[in-house]
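I would like the entire structure built from these sequences, with the hints used as guidance.
Numbering of the sequence shown is given in the numbering used here, commencing with residue 275 and proceeding in unit increments.
Keep in mind the hints are simulated off the structure, nothing from the lab.
Misleading hints may appear alongside valid ones.
[Said to hold, decoys possible] Simulated pairs of lysine-lysine, DSS-like, Cα-Cα distance not exceeding 27 Å:
#	residue 1	residue 2
1	445	397
2	537	570
3	520	509
4	570	654
5	397	375
6	461	473
7	445	493
8	445	520
9	520	570
[As the list claims (entries may be wrong)] Here are the simulated distance ranges between beta carbons:
#	residue 1	residue 2	range
10	317	468	37 to 45 Å
11	307	457	53 to 61 Å
12	348	489	25 to 33 Å
13	605	468	47 to 55 Å
Note that the structure is a prediction, hence the values are computed from the model and not measured.
By construction, the Cβ of each residue, glycine as well, lies at the ideal position given by its N, Cα and C atoms.
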Amino acid sequence: MKRFQVSSAALTIGLLLGSAGSSAAEIGVTDTEILIGALGVLTGPLYNNGKTIYDGVETVYNEVNAAGGINGRKIRYVREDDACKPEQAVPAVKKLIFEHKVFMIHGGGCSNASLAAMPDIVKAQIPWVITASTAPQLTDPVNPRIFTTMLAGWMETAGQLQRLIDTGAKKIAIVRQRDAWAESRYKPLLDSFAQAGRKPVLDEEISADPSDATGVALKLQAAGVDGVVAVLFPKAATVLIRDMYKIGYKPLVVGGSAIGDVKAMDQAIGIRGALDNFQALSPTKAATNPSMTQWKARVKKYYPQDEFQTWHMFGIASGQFMVEGLKRAGRDLTRDGLVKALSGLSLNSDAYAGPISCTPENHQCYRSMAWFSFINGDIKEMGQTQLK
275 MKRFQVSSAA LTIGLLLGSA GSSAAEIGVT DTEILIGALG VLTGPLYNNG
325 KTIYDGVETV YNEVNAAGGI NGRKIRYVRE DDACKPEQAV PAVKKLIFEH
375 KVFMIHGGGC SNASLAAMPD IVKAQIPWVI TASTAPQLTD PVNPRIFTTM
425 LAGWMETAGQ LQRLIDTGAK KIAIVRQRDA WAESRYKPLL DSFAQAGRKP
475 VLDEEISADP SDATGVALKL QAAGVDGVVA VLFPKAATVL IRDMYKIGYK
525 PLVVGGSAIG DVKAMDQAIG IRGALDNFQA LSPTKAATNP SMTQWKARVK
575 KYYPQDEFQT WHMFGIASGQ FMVEGLKRAG RDLTRDGLVK ALSGLSLNSD
625 AYAGPISCTP ENHQCYRSMA WFSFINGDIK EMGQTQLK
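Structure follows, in structure tokens:
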């Protein structure tokens with residue numbers, strides 16, 4: 275009898291130790307560290323966009339680490355390059371999951387690449403907080419482990435059309451680039467036109483990497499278009515606006531977050547005044563907002579070669595959201611615990627124009643936008659839109 279009691283006690287202790295060991299053995303978590311992976315564009319023509327987003331995220335993490343970490347742990351942020359290409363995103367995300375063995379993924383820039391990586395992330399049941407990808411199918415329907423701190427593409431194009439209507443444009447056209455990213459926004463944009471009781475006067479496609487857009491500019495001018503919904507990345511947008519300006523044609527062009535850094539757009543075009551009738555949405559406040567002063571200094575401290583951009587602000591807002599989620603998940607950190615914490619989290623970040631707010635039923639956690647122009651060498655906020 276006595277021997278049975280001792281064995282039972284030993285079994286109980288063993289089970290308790292096994293349970294404790296299981297909790298401590300959460301993938302990517304040690305007593306002193308949380309390993310988080312970044313998937314995004316780190317090479318190629320959009321290299322700077324991706325790098326600055328993750329520099330913004332890591333600036334937040336570095337500041338948290340310098341203050342002692344989260345619940346006794348420091349964050350280590352490891353980056354893998356998808357080059358904005360679906361075929362490169364798959365091996366990159368597999369490397370994060372199976373080689374680095376990260377606790378979660380915090381990243382995602384180009385929607386084409388993120389969509390390609392999504393099946394492996396879902397299969398691995400790893401939490402994913404998206405920083406910049408805008409394809410709506412990433413979060414709709416809801417996956418319990420996937421969240422985004424960026425506007426969905428349909429929200430952007432709905433807002434772009436509404437902005438043109440609000441500013442009095444009568445003949446509105448669409449100019450979009452030829453790829454899956456633009457296609458994911460196109461049908462929702464047509465739905466927005468239908469809901470507004472309108473039809474686009476013209477619907478033009480251009481290459482994502484054009485050398486000339488004079489032909490499209492002339493078509494728009496001939497049709498009397500006074501407002502353009504631009505579903506374009508920076509290279510295509512700068513060429514279109516440059517060539518419209520060269521023929522003396524200045525309709526109001528309204529762009530999405532991909533071309534939301536209006537100062538960088540001005541620098542890329544290189545013609546003062548070409549952007550006088552251009553507005554782009556951004557999820558962020560103005561970079562000149564007082565709340566960003568300290569963050570500019572912090573980015574400069576860790577990344578002295580970086581010129582502060584809107585892309586940094588995407589990362590800062592998402593980083594602040596992520597830090598708060600990790601805090602609320604507690605010291606006994608698990609993937610399930612983090613998902614539960616994020617599902618009920620609402621946060622006003624230093625960088626964004628509105629709150630980042632998630633519910634269990636809605637992981638599209640951001641729905642606000644501000645409009646900016648670049649006039650006479652200055653960034654000017656032109657208004658805000660809040661989507662329901």
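Legend entry - Proposed proximity, residue 493 with residue 445 (alpha carbon, max 27 Å): holds, 13 Å
Inset, instruction - Could you check the hint for me, namely that residue 348 and residue 489 are 25 to 33 Å apart, CB to CB? - result: violated, 55 Å
Inset, instruction - Given the range 37 to 45 Å, decide if the beta-carbon distance of residue 317 to residue 468 lies inside it. - result: holds, 40 Å
Legend entry - Holds or violated: residue 520 to residue 570, with C-alpha atoms at most 27 Å apart: violated, 35 Å
Legend entry - Restraint check for residue 537 with residue 570, where alpha carbons must lie at most 27 Å apart: Roughly 16 Å between the alpha carbons, so the hint for residue 537 and residue 570 holds.
Legend entry - Holds or violated: residue 520 to residue 509, with C-alpha atoms at most 27 Å apart: holds, 17 Å
Inset, instruction - With a cut-off of 27 Å on the C-alpha distance, tell me whether residue 445 and residue 397 pass. - result: violated, 46 Å
Inset, instruction - Could you check the hint for me, namely that residue 307 and residue 457 are 53 to 61 Å apart, CB to CB? - result: For residue 457 against residue 307, whose Cβ atoms are near 40 Å apart, the range 53 to 61 Å is violated.
Legend entry - Restraint check for residue 461 with residue 473, where alpha carbons must lie at most 27 Å apart: holds, 13 Å
Legend entry - Proposed proximity, residue 654 with residue 570 (alpha carbon, max 27 Å): Within the cut-off at roughly 19 Å; holds.
Legend entry - Holds or violated: residue 397 to residue 375, with C-alpha atoms at most 27 Å apart: holds, 14 Å
Legend entry - Hint consistency between residue 445 and residue 520 [alpha-carbon to alpha-carbon, up to 27 Å]: holds, 21 Å
Checked against the numbered hints given earlier, the structure breaks hints 1, 9, 11, 12 and satisfies all the rest.
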